[in-house]
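Enquirer: Just need the whole structure built from these sequences, with the hints factored in.
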Amino acid sequence: MAEELVLDSAIRDWVLVPLSLVMVLIGVLRHFVSKCMSSQPEPDAKALKESQIVLRARYLRAAANYIPAKSFRMRKSYFNNEENGLLHVPKGQGQNVQAQMLSDPNMAMDMMKKNLSMIIPQTLTFAWVNFFFSGFVTAKIPFPLTQRFRGMLQNGIDLSSVDVSYVSSRSWYFLNLFGLRGLFSLILGEDNATDDTQKLMQTQMAMQMGGFGADPAKALGAEKEGLDLVQHEWLLPQIEQRAAAVLSQILA
Amino acid sequence: MARAHDAADAKKADDPFDSLALSAENVQHNLRIAYYCRTFLSIVAGAIAGVLGLTGVYGFLCYFLVMLCASAGLAAKTRFNTSAFFDSWHRVAFDGFLQGLMSFVLFWTLVYDIVHIF
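For the record, the sequence lines run as chains A and B.
Counting from 1, one number per residue, gives the positions in the first sequence under this note's numbering.
Counting from 253, one number per residue, gives the positions in the second sequence under this note's numbering.
Hints in this document: simulated from the structure, not taken from any laboratory.
Check before you lean on any hint, since a few could be wrong.
Computed spacing ranges between beta-carbons, pair by pair [what the hints assert, rightly or not]:
1) A:F149 with B:A324: 29 to 35 Å
2) A:V246 with B:F349: 32 to 38 Å
3) B:S340 with A:R61: 18 to 24 Å
4) A:E42 with B:F370: 52 to 58 Å
5) B:V296 with A:L5: 26 to 32 Å
6) B:D339 with A:L29: 36 to 42 Å
Virtual Cβ for every residue (Gly too), placed ideally from N, Cα, C.
Expert: Given below as structure tokens:
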């Protein structure tokens with residue numbers, strides 16, 4: 001519909017490239033700032049012990065069929081014994097842990113720091129983009145889109161005659177915000193600070209699952225139930241047939 | 253890549269040993285590596301499509317082609333025995349496909365704009 005727009009190459013040199021560059025650099029900066037600010041949580045001996053127990057029980061559950069029935073029962077009772085089994089949680093202890101975590105000021109501080117380091121740079125960058133670059137047609141998306149995308153891609157320009165595939169500077173900022181995640185995971189490693197959305201989801205999940213953070217007592221209980229449900233069947237009696245099959249395959 | 257389990261010879265699918273003897277950490281590690289490969293390749297594919305000035309469907313075809321090459325490369329890296337490294341073959345073929353698309357579109361647009369439209 002609309003004929004080709006002619007864009008000044010100064011826009012490329014002074015808007016498009018700097019904007020993308022600044023977004024990348026701010027992402028890197030945020031990563032390192034949040035790394036400096038986040039305090040390493042003091043390892044709690046009890047919590048560590050419990051998580052290790054859960055891990056051991058999980059290993060037992062995964063590899064249950066490789067050990068004889070008697071050995072399995074022995075290990076199971078070591079974990080699940082009602083009197084002094086490792087996974088057995090005395091009643092009323094779970095609440096305590098939760099209350100303790102809620103009253104721990106360090107935790108709340110840490111959360112707040114993380115949130116601040118996430119929100120402040122984003123607001124600042126957005127304000128900066130708005131102040132310097134509002135109203136530019138910055139880029140053109142190399143594929144056709146329907147009219148519905150106009151609000152998303154031409155945020156800040158109110159011209160309905162411009163083809164939808166032209167992108168305003170403010171929308172280019174948003175595209176960068178979402179699209180650079182892959183690049184950040186490449187240059188900053190797996191668990192970088194820029195990956196906020198996943199972290200937010202995780203904390204929300206944990207909140208819904210019950211309380212602040214994961215409740216160790218609940219994990220123990222769940223693992224105990226899982227271990228109770230395991231149907232033990234020793235695999236190794238059939239090992240000879242299997243070995244024979246493999247060997248005959250090799251020899252054939 | 254770390255082997256997920258040591259018995260590498262091809263086995264029948266109903267073999268109970270096959271599904272159980274995967275080391276979860278190694279599978280995780282392999283998946284992460286595959287994800288990195290895909291992210292990197294999607295950025296490279298974006299740059300390629302942008303420099304060549306592909307528009308519309310051809311650009312996406314370029315992405316699919318590169319992703320296909322990535323899958324083939326990963327499969328070749330496992331010596332076409334993906335079950336020894338991943339818990340199922342479609343992990344190799346499709347994992348990280350959609351996450352890469354966003355990066356691809358961004359870099360495609362960026363490079364295409366820098367090279368062609370100004």
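Enquirer: Determine for every hint whether it applies to the structure shown.
Expert: A quick look at each hint next to the structure:
The given range of 29 to 35 Å is respected by F149 (chain A) and A324 (chain B), whose C-beta atoms sit roughly 33 Å from each other. Range check, V246 (chain A) to F349 (chain B): Cβ separation about 36 Å, and the 32 to 38 Å hint holds. For the hinted restraint 18 to 24 Å between S340 (chain B) and R61 (chain A), the CB-CB distance of approximately 21 Å keeps it satisfied. Checked against the hint of 52 to 58 Å, the pair E42 (chain A) and F370 (chain B) passes, with Cβ atoms roughly 55 Å apart.
The hinted window of 26 to 32 Å between V296 (chain B) and L5 (chain A) holds, with their beta carbons roughly 29 Å apart. Taking 36 to 42 Å as the suggested C-beta distance range, the pair D339 (chain B) and L29 (chain A) conforms, at roughly 38 Å.
In this structure, every one of the numbered hints holds.
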